[in-house]
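> All chains, full assembly: derive it from the sequences and hints.
If you want the building blocks of each chain, they are given just below.
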Amino acid sequence: MSAPMLAIEGAWTRYGAVEALRDVSIEVGQREIVTLVGANGAGKSTLLMTICGAPQAQKGRVLFEGRDITRMPTHEIMRLGLAQVPEGRRVFPRMSVMENLLMGAQVAGHDPKPLLDQVFALFPRLEERQAQRGGTLSGGEQQMLAIGRAMMSKPRLLLLDEPSLGLAPLIVRQIFSAIRDLNEKEGLTVLLVEQNANQALRLAHRGYVLVNGRITLRGSGQELLAMPEVRDAYLGGGH
Amino acid sequence: MAYALQQLINGISLGMIYGLIAVGYTMVYGIIGMINFAHGDIFMVGAFIALISVVMLVSGGIMDGPAAILIVLLASMAVTALYGWTVERVAYRPLRGSFRLAPLISAIGMSIVLQNYVQVAQGARVKPIEPLLPGGVTVLHVDSFVVQFSYMQMLIIAVTLAVLAVFTWLVTRTPLGRAMRACEQDRKMASLLGIDTDRTISLTFVIGAALAAVAGTMYLLRYGVIDFYIGFLAGVKAFTAAVLGGIGSLPGAVLGGLLIGLIETFWSAYFSVQYKDVAAFSILAIVLIFMPTGLLGRAEVEKV
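Note that the protein sequences, when read in sequence, are chains B and R.
Residue numbering for the first sequence follows the working numbering, starting at 485 and increasing by one per position.
Residue numbering for the second sequence follows the working numbering, starting at 728 and increasing by one per position.
Hints are computed from structural coordinates only; laboratory data are not their basis.
Treat each hint with caution, since some may be false.
[As the list claims (entries may be wrong)] The calculated lysine to any residue pairs, modelled on SDA-like cross-linking and capped at a C-alpha distance of 20 angstroms, are:
no., chain 1, residue 1, chain 2, residue 2
1, R, K915, B, R498
2, R, K915, B, L564
3, R, K915, B, E583
4, R, K915, B, S529
5, B, K669, B, E571
6, R, K915, B, Y499
7, R, K915, B, A538
8, R, K915, B, V591
9, R, K915, B, M556
10, R, K915, B, G619
11, R, K915, B, P557
12, R, K915, B, Q590
13, R, K915, B, E571
14, B, K638, B, E583
15, B, K638, R, P821
16, R, K915, R, I1013
17, R, K915, B, K669
Okay, structure coming up:
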């Protein structure tokens, strides 16, 4: 692996009174899909938010393309070429689909037209609903919108927090295949956090398992899928 | 009939001033969920900056109606905006992330600071000016009663409508307005999209203060007398207007302002001047009992 696009080195993050991350180190290489699996409350979302500096790591470092971003304010980090689809999707409820998408393009300053075409090609549903308010979309549509919005900044690294949560299996498959497409065709690097470990690990080149704020296992997606402790804990007895 | 028409004209021009101030309350509430109790005093500062500009223009010998008013208006907006920015920077931003009441208390403190500052700097006495735009149009002449639509009232209505049009365009059609709405709806997400939320909040205060300056200038030109204490009652009225219209709603603020202006004017005209404030606040209480979110406030259910 060449120099990693993203490296977290020994990060400790406190979330309220809880030590949510304890000495976490992970790497995401260029054009890789890396999956982080873990149970509810293991610290997965905190890890993604730590990358974005909200909250910042107390100890350790976060490096993006070799640059130390640990102490940078969130909005400056997000201008460097990463985008996050956060937990709960966080679509702006009283803005139209179109405005939500334009928000994604706002600070990166790329011409939004070709990006919109790309997002609409990926999720035709969004084009049909472009005048509708974000808050009135279904869960699956909101997820598409959140991903589309993140793509509008033309990121090199996409952070995805449980894109499958609460969605019908068909839509999950659609979203995962969209992620694979973006990775293969656009060279997008992806860090994916999931409870739905089976599909997520199949999609991933590599993976990590997070338990109580610590990385306990690491390996390729296939290796992790084959490990009995992963199968027992996250795959419901395995398939 | 003629009398009622006159009151309508008076009520609308007064209501426009309240509406302009109310927009500042509602914007700040929308974006950081705080009632900026110093906003009425920002309005008062705006009126004083306008007063100082008028005095400077008069002593400089430039005093031809519309152009002078435009200069006064722009000067007041610029300087007052700076005050608005400073208040946020000094008194509210350091408290962001603190407990909810902290910025509120700080706002009350800023209100007192601004009042005393102006009192010390400008004196406590009432300040009169000569009317810059005397005269008007006689709309109707019934028996001995003359319905007057003064040039000043026309100016207030025209300027307010123009300012509100620009402001509406800014909020609904520009990237800055979109960023403001994004911060209002989900500040954390806005920062995850690279929006500098502190800067956006600052700009909200700047815009709110500029609108209050327009109101302050109009107030000075219309009534011709101001003192350091006018911000209190005007602030309370405008806050009432914002709540009446539905706090957080921009059209609601303007509507609420108009209603408060009309209620007050008509009450004074037909019942008693002494109880006009009681009337305005009673209507507020009644509306809130039946429509707790105000006239245009939202109570919609959103999917999560």
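> A separate judgement is required for each hint: does it hold in the structure or not?
Results for each hint:
1. R:K915 to B:R498: 18 angstroms, holds
2. R:K915 to B:L564: 17 angstroms, holds
3. R:K915 to B:E583: 17 angstroms, holds
4. R:K915 to B:S529: Holds - the C-alpha atoms of B:S529 and R:K915 are around 14 angstroms apart, at most 20 angstroms.
5. B:K669 to B:E571: Violated. B:K669 to B:E571 sits at ~26 angstroms, over the 20 angstroms cutoff.
6. R:K915 to B:Y499: Given that 20 angstroms is the threshold and the Cα spacing comes to 16 angstroms, the pair holds.
7. R:K915 to B:A538: Distance of about 9 angstroms is within 20 angstroms: holds.
8. R:K915 to B:V591: 15 angstroms, holds
9. R:K915 to B:M556: Status holds; Cα separation ~15 angstroms.
10. R:K915 to B:G619: 17 angstroms, holds
11. R:K915 to B:P557: 12 angstroms, holds
12. R:K915 to B:Q590: Within the cut-off at roughly 16 angstroms; holds.
13. R:K915 to B:E571: Given pair R:K915, B:E571 holds - Cα atoms ~12 angstroms apart, limit 20 angstroms.
14. B:K638 to B:E583: 17 angstroms, holds
15. B:K638 to R:P821: Outside the cut-off at roughly 34 angstroms; violated.
16. R:K915 to R:I1013: 36 angstroms, violated
17. R:K915 to B:K669: 31 angstroms, violated
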